[in-house]
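Participant: Starting from the known structure of chain U, arrange chains W, H and D with the ligands on it as the hints suggest.
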Amino acid sequence: MPGDMLQILRPDGTLVGDAPVDVDTTRDLYHAMVVGRVYDRKCTAMQKQGRLATYAPFEGQEACQIGAVAPLEEQDWVVATYRDAAAMWFAGYPMVNLILGRTGDERGGQIPEGVNVLPPSITVGGHMIHAVGTGWASKLQGDGGVSLTMFGDGATSEGDFHEAMNFAGVYQTPTVFFCQNNGWAISLPFEQQTNAAALVDKAIGYGMPGVRIDGNDLFAVVAATTEAVETARSGGGPTFIEAMTYRIGPHTTADDPGRYRTEEATDEWRRSDPIDRVRAYLVANDAWDQSWEDEVADEASDQVEAAVEEAEALDPFTAGEVFDAMFAEPTQTLLDQRDMLRRDG
Amino acid sequence: MPGDMLQILRPDGTLVGDAPVDVDTTRDLYHAMVVGRVYDRKCTAMQKQGRLATYAPFEGQEACQIGAVAPLEEQDWVVATYRDAAAMWFAGYPMVNLILGRTGDERGGQIPEGVNVLPPSITVGGHMIHAVGTGWASKLQGDGGVSLTMFGDGATSEGDFHEAMNFAGVYQTPTVFFCQNNGWAISLPFEQQTNAAALVDKAIGYGMPGVRIDGNDLFAVVAATTEAVETARSGGGPTFIEAMTYRIGPHTTADDPGRYRTEEATDEWRRSDPIDRVRAYLVANDAWDQSWEDEVADEASDQVEAAVEEAEALDPFTAGEVFDAMFAEPTQTLLDQRDMLRRDG
Amino acid sequence: MNGQATTERTMAQALNAGLREALSDESVVILGEDVGRTGGVFRVTDGLQAEYGAERVVDTPVAESGIVGAAFGLAVAGMRPIAEIQFMGFSYPGYDQVVNHVSRIRNRSRHRFTAPLVIRIPYGGGIGAAEHHSESFEAIYTHVPGLKVVVPSRPIDAKGLLTAAVADPDPVIFLEPIRAYRSMKEEVPDDSYEVPIGVASIERPGDDVTLIGYGAMMREVREAAEVLASSGVGAEVIDLRTLVPLDVETVIASVQNTGRAVIVHEAPRTSGFGGEIAATIQERALYSLRAPVERVTGWDIVVPLRRAEKHYTPGVDRIVAAAMRTTEGH
Amino acid sequence: MNGQATTERTMAQALNAGLREALSDESVVILGEDVGRTGGVFRVTDGLQAEYGAERVVDTPVAESGIVGAAFGLAVAGMRPIAEIQFMGFSYPGYDQVVNHVSRIRNRSRHRFTAPLVIRIPYGGGIGAAEHHSESFEAIYTHVPGLKVVVPSRPIDAKGLLTAAVADPDPVIFLEPIRAYRSMKEEVPDDSYEVPIGVASIERPGDDVTLIGYGAMMREVREAAEVLASSGVGAEVIDLRTLVPLDVETVIASVQNTGRAVIVHEAPRTSGFGGEIAATIQERALYSLRAPVERVTGWDIVVPLRRAEKHYTPGVDRIVAAAMRTTEGH
Ligand SMILES: Cc1ncc(C[n+]2csc(CCOP(=O)(O)OP(=O)(O)O)c2C)c(N)n1
Ligand SMILES: Cc1ncc(C[n+]2csc(CCOP(=O)(O)OP(=O)(O)O)c2C)c(N)n1
Ligand SMILES: [Mg+2]
Ligand SMILES: [Mg+2]
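Residue numbers (the working numbering), protein chains in the order written: chain U, 1 to 345; chain W, 1001 to 1345; chain H, 2001 to 2330; chain D, 3001 to 3330.
Chain U extracted, bound-state conformation (with noise of 0.2 Å):
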C-alpha cells in the first residue's frame, strides 16, 4: 500500500491520529461491519446454491461502505453499484430488497419513499453523474442534501466518470465521489488502468480538492468522508476520495481470480482486514469482548436470514406483471402485447 495517504488507525489497531468518532459510535460502525460481512458471505454461499443471480462479494471493502455512509443524514442521497450492499444497507435500503434483487426481481428496487438510495448501478461509470444531477436538485431545492457516489477504480476510466466530475465541478454540486480502489476491474489490474500514479491525481483537472485514503481504516474513511460531507453540505462543492482497498473475493461468483492473480497479493490484503482492525482498537480500548461479539454475529446471522426468507416468499411475476412498471400507465401496445403473450404463452 502507498505511503501517501491518509490513515488514522493502523493495522495493528492503534492509533496514528485523532479518531473521528467515540468508542461507542465506533462500536455502532463495527456492528454494521460485520452485518455487511455476514450478507456478503450468505449471499456469496446462496448463489452457489443456485438462489441468487450472480452475486458481487465486496469481502474487504467494508470499512469504505460503512464509513462512508456513516457521515450521511435522512436528506442525502447515495448512488452506488452492484459491490455496494453494505453500503447501501446501512444508508436505508431494507435488506430484504438487496436480496430479491439479486434474485432476479426488479421488486428489489422498490424501496420505501424517503429512503433515498437508487437501485445498484449494473454498467459501470455511467451512475457518477446521477449522483452530480441529485445532488443538484439538493441545491435548487435547498434541502441541504448530499449526494454520495460509490464506484470502483474501473469506472473511473469510463468518459462518464469524466463528464460527472467536470459537472459537479462546474455547478459545484454537493455530490462526494467516493472511489473504492480495490485494485482490480475484473482481471484488469490497477496499474493497467490509468498511467496516472494514482486515481486522486486526477481531482485537480476538475478544480475538485481529492484525498487518497486507507480504505481499509474505517476512521480514515470516517474522517475523510465527514470533512467532505461538511464541505458539500456547506457549498463547498464536491470532493473526490480514493479509497484504496482490496477486493478479496472473486470480481463475482462467475469470475475465477486465479486467471489473474496470485493468493500471495490476497492473503497479504486478508491480513489487513478492516474489521479485524477496528476490533483491535475496541479490544485496546476496553470496549469489546467475546460475548458482545457472539451477540453481534447472532444478530448480524438473524437479520440476514430474515431478509433472506422474506425475500424468498415472494412470488415471482405473473406473466401479466411484467408489463406494469414500463410507464406510470401502460401504452395501448403494452396492454396489446400482454394480451399476446396471453394468449400464445
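Take these hints with a grain of salt, some might be off.
Ranges between beta-carbon positions, derived for each pair [as the list claims (entries may be wrong)]:
| no. | chain 1 | residue 1 | chain 2 | residue 2 | range |
| --- | --- | --- | --- | --- | --- |
| 1 | H | Ala2167 | W | Asp1267 | 44 to 50 Å |
| 2 | H | Ser2230 | D | Pro3205 | 47 to 53 Å |
| 3 | W | Gly1345 | D | Ser3192 | 54 to 60 Å |
| 4 | H | Gly2078 | U | Lys48 | 49 to 55 Å |
| 5 | W | Gly1235 | D | Asp3191 | 38 to 44 Å |
Don't read these hints as lab results, they were simulated from the structure.
Every residue gets a Cβ at the ideal spot worked out from N, C-alpha and C, and that includes glycine.
Facilitator: Below, chains W, H and D with the ligands alone, put in the same frame as chain U:
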C-alpha cells in the same frame, strides 16, 4: 492571459527564450500563416456569398495551427477539427479538398494517398481517440509515426477526451494532444467549462506530461510541439499541450458573438495577433521587407483562388453517385435504392 | 381552444412560448449547450435565461452524456428537467444514459423512482448543413422500451405536445424538425394547452390512399396530397405526431378504408420506423390492402452534404409516384 | 469442405479457433475488456494472449467508446482490429463512435480512408443474467448505413462468418448469441473457410409456412418446425445469419412459395428488425401472402430479471401458435 505558460516570442516580437527554428524557417512558417489567414478570410467571404456551407473561421489561431504541424514528418498522422484547416493544409491536405468539403461535397475527404490527415472531425471530442489508434498502429507497425490531434477547449468536456487521454497514457502511444484553448465553446466561456484553473492540470491525472503555452506565439508552439513529437517518436509516449489563444471571429458564420461577449475582449486579443508578432520578429532580424510581404500575400491569394476555382469546377454528384461509397462494393439493397431513386425522382 | 387569444408563431416561437410557460413551474430546469446566453443555436430558448436566470436555464459544457445523466439525476430527485441536445447527430454520446437509465428507472424500481424529463432534439435535414447536422435517427429511440417519442410537424402541435411532454410522468424524447422551425407560421394559443401524446391527427380526409408522415416530411406529404387531388386521387393525410406510443387505431381505420398506404420518413430505409408501421398495417389490415404498403424514405446512406442532399430527402414526386403505384394495385 | 479435418466445437470454441486463425495475420489485433489474461468473460478469446502476446491481444480499461474509437484509428492506419464489447448492454457508450465515425469514414473520404474492423458483441438473454446482460438491440445497428451486421446461430457459421468479417473491407458488427455459446456442438472444419456475409441459410425446406429467425432464437425456431411437422405443417426454416445486407431474395422466394411467414426475434417488438423484414415481405410478396406476416418477438419492456425472464423470451409455443394462425388465413 495567465502568466504561467511557456512564451518565447513576446507580443512585441522580442525573444524571451531561444527561437526553436532559424530565421529562414521562420519566414517559411510566416508564409504558411499568411496563407492560412488568406484562406480563412476567403472562406468567410465565400460563405456570405452562399458559395460555402457554414464556415468556422480560425483567425487568431494561425500560430497554433502552423506551429503544431511544423515538426511533423511524412509518416505522421494529423487528426483535427472543422476549425483546423490551416493545420491540415500545412500537413498536406490539399486546399482544394478543404474547400470542396466546405462547399458541401464528400470528395473533400478524398485526398491523395500518402497524406495521413483525416477529414476534419465535425463532432466535438470524438476524434482524439482516433489519433490514439493511429499512433498505436504506428507503434505496432514500427514506422516511427507520431499522431497529432488538435481540438478545442470545449472538446475537453466530452467523455471521449478522457478515454483518449487515458488510452494514450496506458498504451504510451506516440500521440500529441494539442488543445487550442481559444476561450470559447460556442457561447460558453472557458471559465464555465471546467472548475480547473487550467486544462493542463488534467494531464497529471493521466500520468502524462503537460505544458501550457502561449498559443499566439509561434515559437512557443513550435518548441512545445517539437519536444512532444520527439518524445513520442522516441517511445516516450504522449504529451498534452494547452495553447492559450483566442477565436477572433464568430464560432461559425451562423454565429453572433455579440450575444455572449464584448468586442473589447476580442480587441485586446487582436492586438496580440500571432502573425503580427512573427512579422515584428522578422523585421527586427532584417528578414522582412514590404516587397516580400506583398509577394507572400499574392502567392497566398493565387493559391487560394486556384483551389477555389478547382473546387467549384467540379460537378455535384449525380443521383446515382451518392450510393457509391458506403461500402467497398454497394450492396444489393443500395443498388435497389438507387433504382428507386432513378424511377421516382 | 375557441375564443382564446392566439399569436402567429413559427414552430421555434411556439416552442419558446411553451418553454417559457413550463418555467413558471419552479421544478422545471432547462439545460443544454448554448441554451442560455445565446438562446440555443436555433434560438428556441431565446430570452429564457434573461427571464429566469442562469440557475433555471443552464448553459452546459459540451458533454451530451453528462447533460442527459445530470437531467436524469435531477428528475429522480423531483425536478422536471428539459434537456436540449444541439443536433440529433450529437445525441449518441447520451444514448447510453437514455437506454440504460432514463428509460428504465421506473421498471428497475417498480414505480418507486421515476425520470420525468424531456429531451429535446432538433433533427432532420433539408438545410444543407454540415455532416451530422441532418440526421433522422428516431428509430434508435422508438426501439427503446420505456420512452415516449414525439415529433410535431407544426407550431400549434409543437407547443401543445411540449406542454404534454413536460407534464408526462415518464421520459419523452421530443424531436424537433429543423426544417420546420421557421418554414410555417400559424395562430398558436397564448394560454397553456396540451396536445395529447399518442394521438395522431387526420389532417385531410380521403378515400383512395392513406399518406402517413411526421415531422418535417409533412410538408411534402401535404403537397403530395394536393398533387394527388388534382389527379383525382383522394389522399387521407395522417400526421402521426407521436411515434411511441403509436396511434395504431387511427392508422388502421384509415387503411381499412383506403386499402392503400404510403409511409414517408427521411430516416434511412432499413430498420427505419416506416418498417414498424408497414409491419403493423399488414398485421392488422392485410385483408384490406389492395397494394403493398409503400415506404418513401431516405436511403441507406449517410445524408449527403449540401451539394447532393437533394438526392436524399424524399420529395413530393417520390410520394406521388408511390401513391399512384398503390392505386395500380390489384 | 468435404474431406477436411474437423473438430467438434461449441460456438465459443469455434469463435476461438477463428480468432486464433485471424491472428496469424500480423495486422490483426484483438482488444477489449478482460479479453487477454482471462480470455474474456465467455472465454471466447481463451489462450490467445498467451499465444500471441499482450501487444496483439489487449486488455483494455473499462471504456467502450475508447475501445471502438481506438479500433477505428487502428483500422484507418492499416491494422485489422477485432474489438470485443463485453455485453450488448454496454455497447451504447461506443455507439457514437460506431455511427459517427466507423460507419462513415469511407463515405466521408470517398474510399480514401476505410475502417475494416470487427466489433464482436455478445447479445441476448435466456441465461437469467443481471440487468443489461440480456439485451438484443441489434436494430440500433441495422439502422446505421455503412455497417454490416452478422449473427451466427451455430458453431460452423460462427467461425466462417467471423473469418469473412475479418476479411471484409468494411466494418462488421458481429453479434454472438450468449445462449448459443455452449448449447450446441457440431463438427467445425479446422482449416480456414468463409461463410459469406449476406447469404441466409435455408435450414429446412417446407411448403406451408416460412419461419425466419437468427441467432439464439434459431433453437426455438428449429424446435417449432419439428412441432409443426408433427402436426403436418411443413415449415421452411431460414436462418438469416446476416441482417445487413439482408438476403431478401431467399426470404421472398420462400414466402412466395409458402404464402405465410413468421419472423422470430428476442428484441423488443416495436422498431425491432422484424418490422423491417415484415415490411419487405409485404412489399415484395404481398400478393403471395395468404395471412399476415407474424412477428414473434420480445416485448416492449426491459428484459425481466431471472425470476420472470421466461415471460419475455419467445418460446416454441408462441412460434407454433403464430405459424398455425398463418395457416388459418384466407
Ligand atoms: C459500461 C460497462 N462496461 C462493462 C461492464 C462489465 N463490468 C462489470 S464490473 C466491471 C469492472 C469494474 O471495475 P471497478 O469499477 O473497479 O469496480 P469493482 O468491480 O472492482 O468493484 C466490468 C468491466 C459493465 N458492467 N458496464
Ligand atoms: C458531440 C458534439 N456536440 C456538440 C457539437 C456542436 N458544437 C460544434 S462546435 C462546438 C463547440 C466546441 O468548442 P471547442 O472544442 O472549444 O472548439 P472551437 O469551436 O472553439 O474551436 C459545439 C458545442 C458538436 N459538433 N459535436
Ligand atoms: Mg475495482
Ligand atoms: Mg474553443
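Participant: All the hints need checking, so say for each whether the structure fits it.
Facilitator: A quick look at each hint next to the structure:
no., hint, in the structure
1, H/Ala2167 to W/Asp1267: 44 to 50 Å, "holds, 48 Å"
2, H/Ser2230 to D/Pro3205: 47 to 53 Å, "holds, 50 Å"
3, W/Gly1345 to D/Ser3192: 54 to 60 Å, "violated, 47 Å"
4, H/Gly2078 to U/Lys48: 49 to 55 Å, "violated, 41 Å"
5, W/Gly1235 to D/Asp3191: 38 to 44 Å, "holds, 39 Å"
Of the numbered hints stated above, those contradicted by the structure are hints 3, 4, listed in ascending order.
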